[in-house]
Amino acid sequence: MSTITVEHVARIEGHGTITVDVEGGVVRDIKMDIIEPARFFESMVVGRRFDEVSLITSRICGICSPNHAVTSLRAVEDALGIEVSERTKVLRKLLVYGSYLQNHATHLYVFAAPDFVGLPSVFPLAETHPEVVQRALTIKKIGNELTTLIGGRPVHPITALVGGFASEPDARSLEEFAERLTRLAGEAEETARLFATFEVPAFETAGDMLALVADDDYAIYEGETASLQGAWRRPVAEYRDFIREDVVGHSNAKHSTVAGSPFMVGALPRVNLSADRLAPRAAAVLGELGWSGVSRNPFMNNVCQAVELVDACERCAGYARQLLEMGGSSEPVPFAVRAGSGVGATEAPRGTLYHAYSIDDDGFVTAGDVITPTAQNLGNLEADMRAFAPTVVDEPRDRFVLLVEQLVRAYDPCLSCSVH
Amino acid sequence: MAPRVVVIGLASDFGCQVQMTNIEDHLLDVLGLIDLRYWQLASSGHLPDSYDVAIIEGAVTTDEHVALLERVRETAGVVIAIGACAFTGGIPALAALGEIDRHCAVVYGDTPPVAGVTRRTPGPVGSVIAVDYHVPGCPIDTDEFVRVLHRALQGLSDRPPQDPLCAVCKTMENVCFLERGQVCLGLVTRTGCGARCVTLGRPCTGCRGLSPEANLPAAAGVLESRGLDGAELVRLFDLYNAAREAVR
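If you're matching them up, the sequences are chains G and Y in order. When the count follows our numbering, it moves up by one through the first sequence with no breaks and lands on 1020 for the last residue. When the count follows our numbering, it moves up by one through the second sequence with no breaks and lands on 323 for the last residue.
Source of the hints: derived by calculation from the structure; they are not laboratory data. Backbone N, C-alpha and C define an ideal beta-carbon position, used for all residues, glycine too. Check before you lean on any hint, since a few could be wrong.
[Unchecked claim] Which chain Y residues face chain G? A few, computed with CB under 10 Å, are given here:
(1) Gly84
(2) His178
(3) Cys179
(4) Tyr183
(5) Ser232
(6) Arg234
(7) Thr280
(8) Leu314
Can you make the complete structure from the sequences, with help from the hints?
Right, here's the structure in full:
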């Protein structure tokens, strides 16, 4: 039996190792070890005050920090019985979408694209395809500028507080941003068309797909959890009843199951469950790419991320204009500190993110629970690797490894998130 | 010949490496000055046997990190620690406030995984090896990173700003949080951030570490004189600085 080991899989966030045992041309076993050491966030928040939680949990992830901040704020607000203003909600959506622009542009161009043009990294791509790299940098930069405009800096928002915002951008910046985002939608459309030209293996996951959904919105900030296979919807407050987390021996990240089986979260499940709620240009691009309603091919996650870039541009331009017209205040609403428990969920770029906290009479945290998108995806990723590897085991070894790595990267895993 | 540079991530959220990719406007200039040999976040490949400059992000949380850092120190002429995790232990060092076994039980229950690492009490890079240059903050400021990198490449001295934040914040005409009855750590925190948080309406939380000029007892006295709880100073400062005893 020969063992193929890919240590520190490149171009993903965090440290993971793939091990494949092959015997006589047959894949005997394949797994992904998460060697990223455990980070104990759920334990570290215990004993900290309610208003420090978002500062701490934002540091779970440098890429989707706005999501961790906003999700933990929503959980704390749920525990304290706080209702934020409509204006605060719009600002928070913009903050979250900033991380979509950053994350999707980085994942698509820096992490995924080199695979499809046969290069080890994005750096040589700058010489061979300068216009492509320029486009990537443009989208990522606007994402950074959006999180900076709303949150105060690209990583770890400053202004997002329990109950509202410490400050917000002036009208002129919002106006200018709306115009730039509208122009950027064209670049995002080109991204979707580019990724649609990359050939991906014809492979289907057996797992279910979960995402937040809402009746009147492409759910990002709030909604109910929906299942594609089970065709059910449940309030996020019940997440512990439908998502089960188990400790797995070879991984510092827990694995999740729903109804006893692994499942997928992320852009592909979101598009599958909410394609009819995409903004017009995003819906048009999806149609242009020949989308047939539902895809179970995890490699299509890349294309769905690109479609979401178009959606994010249109939607954020709209939100920026809405802020100019709607009035109202984002100043933190008044509230009293009290004991309670609460749950918050948002769609992070990589999938549904759940935070839950219990708080005592004095406002100090007594328990915390976080389920990140990658922690939910890892079980399904491994199941997909087990199903996919045998179909390509006859390929030359380098190509075989590349294809398996591509599958891993399509899930856009964030291993440091997964071992929070 | 351009110096050969490697970028290594220990226990962190990768936020400072993300800030490095956010150099955008300067990215190609910086790449022209260095020969980037390893950056797991951005490229396939392995840590080479030989290089000149090691940029390290993240806190030390395992024995494997210690072994890696010792090897890095033997190899690299210059070691740059970037971000609060690497400089002061940062948020990961909050786990140093309790027993690691207890954290493990809270998170994993009775059956912790055996995934090939040996945990230790978290600490900054400087608690294990000598560090030549520091970029403070959570996250780092990209412009400050570029400035420190230039200083390192030119062999200039490591010179992180020394004053407490208040010294700078006062000149920016921000309304002082202490006057509004809120605890702010600008009294004791190393400046250099341009008082970004205070300017945006949030008190300083100490992410850049203790200013060498800070006087903790005096600062606690200032809080008390405003009717605030002096003990809050240290309790809040622990957020990013729980491992400060371990700093060499």
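Okay, the hints, checked on the actual structure:
no., hint, verdict
1, Gly84, "holds (8 Å)"
2, His178, "holds (4 Å)"
3, Cys179, "holds (7 Å)"
4, Tyr183, "holds (5 Å)"
5, Ser232, "violated (28 Å)"
6, Arg234, "violated (23 Å)"
7, Thr280, "holds (6 Å)"
8, Leu314, "holds (7 Å)"
When held up to the earlier numbered hints, the structure conflicts with 5, 6 and fits the remainder.
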